[in-house]
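Sequential numbering from 1 applies to the sequence shown in the UniProt record's numbering.
If you are wondering where the hints come from, they were derived from the structure by calculation, not from laboratory data. Glycine is no exception: its CB is placed at the ideal position from the N, C-alpha and C atoms. What you were told as hints is all true, and nothing was included just to trick you.
Label-pair restraints from in silico Cβ distances: (1) Gln69 with Lys19: 29 to 37 Å; (2) Gln31 with Ala63: 16 to 24 Å; (3) Ser18 with Pro52: 13 to 21 Å; (4) Lys30 with Ile67: 16 to 24 Å.
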Amino acid sequence: MVSRSGVLLKSAAAGISSKLAEILVCPLTKQPLRICEKTNSLISDSIGVSYPIVDGIPRLVPADGTILQSDQDLNSSDSPQTNSR
Numbered sequence: 001m002v003s004r005s006g007v008l009l010k011s012a013a014a015g016i017s018s019k020l021a022e023i024l025v026c027p028l029t030k031q032p033l034r035i036c037e038k039t040n041s042l043i044s045d046s047i048g049v050s051y052p053i054v055d056g057i058p059r060l061v062p063a064d065g066t067i068l069q070s071d072q073d074l075n076s077s078d079s080p081q082t083n084s085r
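With the sequences and hints as input, model every part of the structure.
Next up, the structure:
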């Protein structure tokens, strides 16, 4: 039991799993989100909003989203993972 807790904590610190990211969508547009590992967030490219990932849990509440100011912010991601439905 203790060893499983350690595994869960390690994975929570690393962000979310790619399987979970594949099914998550923007709460406002219902469009796919992409993972930005640099900022530890999920980005909605369709409206330019970044949603934080806190302790491995995506916070997809619209009030928690941050509007990205420039195209550079929108495109800054070291992980070009996008969801396709």
